[in-house]
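Chains A and B, in that order, are what the protein sequence lines are.
Using the working numbering, the first residue of the first sequence is number 1, and each one after it goes up by one.
Using the working numbering, the first residue of the second sequence is number 1, and each one after it goes up by one.
It is worth saying that the hints were derived from the structure and are not from the lab.
From a predicted model like this one, the values you see are computed outputs, not experimental measurements.
Possibly wrong hints are sitting among the right ones.
Here are the simulated BS3-like pairs of lysine-lysine, each with C-alpha atoms no more than 25 Å apart in a straight line [to be verified]:
{"hint": "1", "chain 1": "A", "residue 1": "85", "chain 2": "B", "residue 2": "122"}
{"hint": "2", "chain 1": "A", "residue 1": "86", "chain 2": "B", "residue 2": "122"}
{"hint": "3", "chain 1": "B", "residue 1": "9", "chain 2": "A", "residue 2": "55"}
{"hint": "4", "chain 1": "B", "residue 1": "5", "chain 2": "A", "residue 2": "17"}
{"hint": "5", "chain 1": "A", "residue 1": "86", "chain 2": "B", "residue 2": "120"}
{"hint": "6", "chain 1": "A", "residue 1": "55", "chain 2": "B", "residue 2": "5"}
{"hint": "7", "chain 1": "A", "residue 1": "55", "chain 2": "A", "residue 2": "17"}
Chain B residues, not near chain A, derived (Cβ > 12 Å throughout) [as the list claims (entries may be wrong)]:
{"hint": "8", "residue": "9"}
{"hint": "9", "residue": "78"}
{"hint": "10", "residue": "82"}
{"hint": "11", "residue": "103"}
{"hint": "12", "residue": "144"}
{"hint": "13", "residue": "155"}
{"hint": "14", "residue": "156"}
The C-beta atom is built at its ideal place from N, Cα and C for all residues, glycine as well.
In case you want the letters, here they are:
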Amino acid sequence: MYAFNYHRPASVAEAVKILKASSDGRCLAGGMSLIPTMKHRLSSSSDLIDLNGIKELSYIRREGDQLVIGALARHVEIADSAEVKKSIPALAALAGGVGDPQVRNRGTFCGSLCFADPAADCPAGLVGLNGTVITDKRRIAADQFFEGLYETALEKGEIVTGVSFPIPEKAGWAKFANLASRYAIVAVMVAKTGGTARVAVTGAKASVFRVAEMEAALAKNFSAAALDGIKVSSAGMNGDLHGDPDYRANLVSVMAKRAVQAS
Amino acid sequence: MPSTKVSMKVNGRAVSAEVDTRTLLVHYIREHLKLTGTHVGCDTTQCGACTVHVNGQRIKSCTIFAVQLEGAEVTTVEGLAKGKQLHPMQAAFSEHHGLQCGYCTPGMVMSAISIAERYKGKALTEDIVRHELEGNLCRCTGYHNIVKAVMAGAKAMGG
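The following block holds chain A by itself, in its conformation from the complex (with noise of 0.2 Å):
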């Protein structure tokens, strides 16, 4: 692993004005992703910035119209919340399945967003429930923060503090995951909001995407043999040894119809 300086910030104030002063820092949440990579030297960062002094990020609670969850709430949190399972059950189910029970008590739903890994549960959930990410500075719709493999729209010296949600008439989530990793090979969410319907899909491409004609089929009816018949195009799909892009290709429609079963 290289080397880097260490900071614990007691406020997001303090940790942005660290960050901005560092030359290569990086926030730590939970580490689940990053500190992998850094322990196989595919990432270094002069500073790391570690969040998990920073009480104020640690919440999840209904706000008027919208679930917001804090930058600091892990997964386990946000899979047991009375809250969450009341307001959007598939977002329960999606934390629940994130990796295996150690990495859920460690690692947090914004942190997953911010490493933008292709084929990570979260950035699906951020799509697929048309959420909003806050920052020490703005939000970003959905639809706007991811920009490709790894790469998000946050700027240098730009911290995510918590991310928000409308409340989905329903929603389902559907996860093929790899055994070994617990990564999704393919997963689904789906959500349904007066006449219109998403479905974002993760673990297909570099990064998460919307299928298009599936959203038009569910918007008129919201039913998984609305999806019968639609496929999906292979182009540009993932293939490693666990699966082709054909085989992914077919995954979507196959994960997408289950979370509508879910939902």
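For this one, chain A is given, so just place chain B on it according to the hints.
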């Protein structure tokens, strides 16, 4: 090399050291404190052989830096027995032969205790135990007796 002073409690004992910031908790436990019961089985945060309890929660000690543990209470497998009297979960692993080569066992036992605590007063089934053990890999594939041991250990712990 940047270093930081860190103080924590490990198995009830106050410990303090100046460590390289890169030191993972598992290496601090094994190499600084010489508590080698906690194992390193993989390099990818998957196998769970390094599982310890931090402030009562099971975590993978290979995926947290020692410097993050300032003020924390850590329990390793060495902290379970009382003298020669095994913890009920350790006794259950012995009784039900919940191990083959034994390499994954310290992490399995730490996870098993967390499972028993999480499901205390609730119905614990084999399906739940298997699901809750997803973060602990046994390369001998000896899960059958491990599951039996967890069920028996949880019962002995008053679950």
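Cross-check of the supplied hints:
1. A/85 / B/122: holds, 19 Å
2. A/86 / B/122: The given pair, whose Cα atoms are some 21 Å apart, holds under the 25 Å limit.
3. B/9 / A/55: holds, 22 Å
4. B/5 / A/17: holds, 23 Å
5. A/86 / B/120: Holds, because 24 Å separates the two Cα atoms, which is no more than 25 Å.
6. A/55 / B/5: holds, 22 Å
7. A/55 / A/17: holds, 18 Å
8. 9: Holds, since 18 Å exceeds 12 Å.
9. 78: holds, 19 Å
10. 82: At roughly 25 Å from the nearest Cβ of chain A, residue 82 of chain B sits farther out than 12 Å, so the non-interface label holds.
11. 103: holds, 17 Å
12. 144: holds, 18 Å
13. 155: Holds, since 20 Å exceeds 12 Å.
14. 156: Correct as stated: the minimum Cβ-Cβ distance to chain A is 21 Å, above 12 Å.
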